[in-house]
Amino acid sequence: MNLLQVDELTIRYAASKEPAVDRLSFSIEAGDSLGVVGESGAGKTQTALALMGLLPAHAEVSGSIRFAGTELAGAPPGLLRQIRGTRIAMVFQDPQAALNPYLTIGDQLRQIPQAHRLCGKAEAKERALAMLNTVGLADQHRIYHAYPHQLSGGMRQRALIGAALIGEPDLIVADEPTTSLDVTVQAQILRLLRELRDASNTAMLLITHDLGVIAGNCERVLVMDRGRMIECGMTRAIYRSPTSPRTATLLAAALRIKSKPLIAPLPPDRATVLQVSGMSVSFDKYGEEQRMNAVLPVSLSLREGETLAIVGESGSGKTTLARAILGLLPPDSGTVTLAGKRLSPTLPERTRAERRQLQMVFQDPQSSLNPAMRVFDIVSEPLLVHEPGKEKAALRAAVHDMLQRVGLSRAFIDRFPHELSGGQAQRVAISRALIVQPRVLVCDEAVAALDGSVRQEILDVLRAEQQNTGLSLLFISHDLAVVRQISHRVLVMYLGRVFELGDNETFFRRPRHPYSKALLNAVPLPDPDSTFADQPLRGEVASLLSPPKGCPFHPRCDLSIARCQDAVPEIENIGGTRVACHRAAELDLSY
Amino acid sequence: MTSLSRYTLNRIAGAIPTLFVVIAAAFFIVHAAPGGPFDEERRLPPDIERNIERAYHLDETTAEQFWHYLRGLASGDLGPSYRYRDYTVGELIAGALPLSLWLGAMAMLLALIVGVGAGTLAALRHNTFIDRAVSAVAMVGISVPIFVLAPLMVLIFAVFLNWLPASWTGTAGPLRLVMPVIALALPQIAYIARLTRASMIQVLGSDFVRTARAQGLSTVTIVRVHALKPAMLPLLSYMGPAIASVLTGSVVVESVFGIPGIGQFFVRGALNRDYTLVLGITILVAVLVITLNLLVDLLYGFLDPRIRRR
Amino acid sequence: MNAPSASQPLWQRLGESRPVKISLLLLFLILTLSLAGPYVSPHHFAATDFDGRFIRPTVDGFHFFGTDDLGRDLFTRTLLGVRVTLLVAVVASLVSLGIGVLYGATAGLIGGKVDALMMRAVDALYALPFVFFVILLMTVFERNFWLIFIAIGAINWLDMARIVRGETISLKHRAFVDAARLSGLSAARILWRHITPNLLGVVLVYVTLTIPQAILVESFLSFLGLGVQEPQTSLGALVNNGVGYMEHAPWVLIVPAAVLAVILFCFNFLGDGLRDLTDPKNSAQ
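Chains as they are written, first to last, in this note's numbering: chain A, 1 to 591; chain B, 1 to 310; chain C, 1 to 285.
Just so you know, these hints were derived from the structure itself, not from any lab. It is possible that part of the hints are untrue.
Covered stretches of chain A (chain C as the covering partner; in silico rule of three or more C-beta atoms under 8 Å from a C-beta of chain C) [to be verified]: (1) 342–356; (2) 366–372; (3) 484–498.
Residues of chain B clear of chain A, computed beta-carbon distances all greater than 12 Å [what the hints assert, rightly or not]: (4) L112; (5) N127; (6) G205; (7) R213; (8) L233; (9) L292; (10) L298; (11) P305.
Since this is a predicted model, take the numbers as computed values, not measurements. All C-beta atoms, glycine included, are put in the ideal place defined by N, C-alpha and C.
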């Protein structure tokens with residue numbers, strides 16, 4: 001008998017015509033692992049909530065959900081409550097929100113066996129402490145008494161996994177458990193889930209948008225699209241030869257860091273457009289006494305038609321650096337030189353002509369568009385500033401032309417931002433930035449919020465613009481697969497410092513810095529045959545308020561030596577790559 | 001220094017200048033009156049006028065007078081009353097304050113119990129008949145002013161039905177408390193119920209409550225362990241304004257029911273232009289509210305772990 | 001599920017909320033009546049008639065709401081009271097709107113230590129028993145309309161300041177403001193084109209919620225005899241007058257009390273409804 005048998009599950013909301021989940025059937029056996037993958041709106045989370053009986057009251061559910069022989073669809077609340085936590089447990093996406101900020105971690109774990117009357121208070125505490133240790137929180141006594149805000153993101157997710165496992169469930173439903181985490185921490189958490197599953201023979205339903213996450217973690221995969229199952233089968237078979245064209249598209253959209261870049265190499269004769277020297281930025285953080293050094297002196301240059309990717313995890317300072325270059329933030333020190341002309345440090349001091357040379361595209365397309373303005377006004381506004389007195393007809397023609405370049409028809413011109421999809425909104429944002437013909441476009445995680453297929457289209461738009469106009473891109477991203485596709489050079493940052501700067505090919509083939517190597521190892525590949533690095537990077541990025549002494553990376557680095565603990569490494573040129581590591585010259589980290 | 005003690009010192013340091021500014025504002029409003037309050041009305045009996053002149057050192061500069069007033073205030077001396085001969089403001093207040101405080105405290109307690117209960121119930125039964133009923137009644141509560149409510153209650157329960165005494169004077173026993181306390185509490189019940197309902201709905205819809213439900217916890221446990229505290233914190237911030245509002249309301253309630261509390265003295269003082277009495281009561285109420293508010297703030301700091309420990 | 005609808009302009013969505021529609025209609029009716037009433041009614045608001053005291057509500061002689069202790073027509077007086085009450089409330093709300101928006105937007109735009117200090121001041125003022133200070137003012141100075149306006153406005157700006165500051169800060173950090181700065185727009189133009197239009201909705205909502213607050217304070221003062229003075233009147237003063245005769249002429253109390261309650265209801269419903277439309281977090285979905 002299957003542990004879980006779902007038949008013809010359909011979920012509808014009165015507000016929308018299309019069902020959120022449409023006649024979905026699948027099963028999971030004891031100890032099995034099934035990955036559910038799909039883009040946003042595929043119905044993945046709705047399915048998970050239906051299994052737990054946690055859908056909102058106004059959802060109409062039909063079909064059957066049989067768990068260990070018991071029907072859960074329409075089951076009375078008392079029965080569902082018994083099953084939740086002890087038979088089926090769930091791990092949610094955002095550990096910050098999923099933990100109660102007013103209770104200690106210990107209390108949140110302890111109450112589960114107590115609520116199910118598995119044991120008394122004293123034993124519940126023992127179990128909670130043991131569980132914290134099991135999920136890799138070795139300092140369990142301190143963690144037990146800590147509040148969620150005192151823990152890092154990875155520690156919180158470990159605690160939540162502990163909360164899911166403490167009732168010894170037969171099935172864990174994990175809904176995007178690593179999406180809000182940094183890539184090195186994601187690798188740790190996925191490894192933890194694998195180990196725990198191997199040790200306890202618990203079945204797992206892993207929901208994700210990332211085909212790479214499934215590849216290394218689930219034997220079987222179920223592909224969903226707009227509420228329907230596209231296909232379901234062994235992960236290896238489907239990844240190798242998908243039977244449905246929709247799956248094939250999804251797989252094609254999944255970027256691979258091992259594939260060839262899509263971008264043409266940069267001709268060697270290109271002039272330098274942007275030169276940044278010794279740029280550093282610090283903040284006052286509310287409630288803290290000392291200043292936070294977000295960016296320590298960083299220098300970089302960008303040539304005409306070049307894409308320089310800046311990669312790093314949260315707290316690396318990549319966005320702060322970009323904002324300082326753009327003049328949105330006042331730097332502590334450093335200069336920006338554009339086409340040989342030195343710019344004033346902040347925007348208000350820069351001339352209009354200087355300002356138009358540097359434009360930006362933001363991560364969240366919706367919030368980067370003024371909800372009270374129509375597309376035409378949004379796109380034409382910069383032009384009105386820089387070419388005042390332009391005639392209405394010429395303005396309209398320019399906006400039409402611009403929208404066409406990014407693949408939007410004239411029909412969009414009178415729309416409000418809320419009437420646009422994420423991809424369309426991002427195209428409008430790109431139009432607004434490019435209509436003034438800047439020399440440099442800064443893209444801050446510009447495709448991070450988009451689904452795979454839409455992301456590819458936006459990248460194509462950017463690439464085409466670069467080809468046609470010689471635009472230079474400063475491309476900030478945490479996603480190395482995207483970086484591999486579209487960048488000429490890669491700059492790695494960590495806690496406000498540059499660790500490595502090299503050209504694309506060299507960086508991905510032969511990284512010089514141990515941190516670069518660890519980042520590359522942590523990226524989940526959409527290929528069932530390639531396994532993750534056995535030993536993911538330990539620990540998490542330190543707080544900017546108390547960066548480690550010496551090389552800021554040394555507490556996490558397996559290769560560190562005594563010198564790393566007291567001396568900050570200088571940037572040196574080693575084999576064409578600029579790298580800041582004491583051991584860069586002696587190490588060979590190539591693939 | 002721990003985060004909590006820094007927070008505590010911060011709050012106390014904030015309350016002291018507020019207190020000073022409030023006292024100064026009240027004092028100077030009275031002193032800015034056209035022609036000056038104390039030397040304008042020559043119809044005062046000479047003995048009182050002498051008392052006032054002595055008490056306020058009217059021959060001195062305003063700053064010196066303020067200094068003397070502050071010193072008197074520190075020792076509980078608010079000067080002689082302008083209208084009630086032979087009484088000092090301090091004596092009048094001391095006689096009336098306990099009754100007003102007692103009324104206010106009872107009303108506040110009632111409002112908290114009923115308001116939190118009704119609000120929580122409505123949130124748990126969100127979008128059902130109970131929820132709508134609580135919301136509707138609360139809407140009535142915030143829309144019908146206390147000075148409409150109190151006379152209407154007298155009209156219905158005392159005049160028409162003759163269940164409860166209409167006035168404080170001439171009756172005795174706990175029955176005469178019923179209408180004043182309820183009238184004072186009703187608007188607060190409405191506000192507290194609305195506030196509780198809104199924040200409880202928000203907390204019950206939060207991710208961490210969904211986590212708790214996914215862990216198989218019962219609704220009772222979820223409300224008690226997970227939801228109550230975060231849902232009550234906004235209520236705690238409302239306590240300061242609520243106290244001020246109850247004190248304001250007691251002015252009406254005491255007038256309507258003829259209760260000899262500070263509210264009634266205040267209104268009479270205002271109508272009679274008894275400057276010293278009105279000034280004294282204003283300052284007293286301000287001090288009371290600022291102090292209670294400080295206590296509420298400190299409690300907040302203690303309850304919120306993000307302030308308590310970092 | 002339909003996330004986008006919350007970002008739709010407010011005016012496009014007024015029809016979605018029944019309380020909003022009904023409240024708007026009722027308020028429009030009451031306002032029209034109170035503006036037209038005194039010209040239509042055959043009675044002057046201050047005309048006394050000692051033979052016609054305490055007439056019950058009747059169609060005879062057009063005393064629709066009866067007469068009071070001095071034989072004055074209550075219908076005419078109530079309509080006058082509505083006018084005075086609404087006038088005071090609207091003017092006071094505009095005063096609080098002016099102070100609140102200016103203060104809140106300044107704090108929000110400047111930010112940093114100035115903002116922290118300005119908001120600490122608001123917090124400190126928040127719990128003060130302002131009505132006592134207003135009464136102190138009324139005791140010391142001549143009672144006049146304008147003093148009432150200003151005093152009430154000065155009380156009610158705190159909420160507006162908080163809301164506007166919060167909204168300004170969140171708008172200031174929205175990416176479209178950065179985009180506008182990069183496009184080369186001047187600070188004034190950003191304020192005008194990007195911040196102000198997006199503040200309008202929330203300001204409108206809180207003005208609607210400030211009006212009933214102002215009505216409450218005004219009628220409270222008038223009820224105590226410290227507000228609008230005879231022969232002018234307001235709903236609070238009418239209620240106060242009615243209390244004295246409620247045992248044998250309850251309509252003298254009930255009529256103005258009911259009208260006052262209906263007006264407060266409408267504004268509260270309107271404000272609640274508008275807030276739900278602008279802020280999906282508060283809505284009862």
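Does the region 484–498 of chain A contain three or more residues whose Cβ lies closer than 8 Å to a Cβ of chain C? Contact hint for the region 484–498 of chain A vs chain C: violated, 0 residues under 8 Å.
Beyond 12 Å from every Cβ of chain A: is that where the Cβ of R213 (chain B) lies? violated (6 Å)
Beyond 12 Å on every Cβ pair: is that true for L292 (chain B) relative to chain A? L292 (chain B) is indeed farther than 12 Å from all Cβ atoms of chain A, at 24 Å.
N127 (chain B): least C-beta distance to chain A exceeds 12 Å? At roughly 8 Å from the nearest Cβ of chain A, N127 (chain B) sits no farther out than 12 Å, so the non-interface label is violated.
Count the residues of the region 366–372 of chain A whose CB lies closer than 8 Å to any CB of chain C, then report whether that count reaches three. holds (count 7)
Against chain A, does L112 (chain B) keep a CB gap of more than 12 Å to every residue? holds (20 Å)
Chain A versus L298 (chain B) - minimum CB to CB distance exceeding 12 Å, so not interface: holds (17 Å)
Determine whether the non-interface label on G205 (chain B) survives the test: each CB of chain A must be over 12 Å from its CB. violated (9 Å)
Beyond 12 Å from each Cβ of chain A, as asserted for L233 (chain B): violated (8 Å)
Would you check whether the claim that P305 (chain B) is not at the interface survives, using Cβ distances to chain A and the 12 Å cut-off? Since the minimum Cβ distance to chain A is about 4 Å, P305 (chain B) lies within 12 Å and the statement is violated.
Counting residues of the region 342–356 of chain A whose CB is closer than 8 Å to a CB in chain C, do you get three or more? holds (count 5)
Figure legend: structure checked against the earlier numbered hints; hints not met, in rising order: 3, 5, 6, 7, 8, 11.
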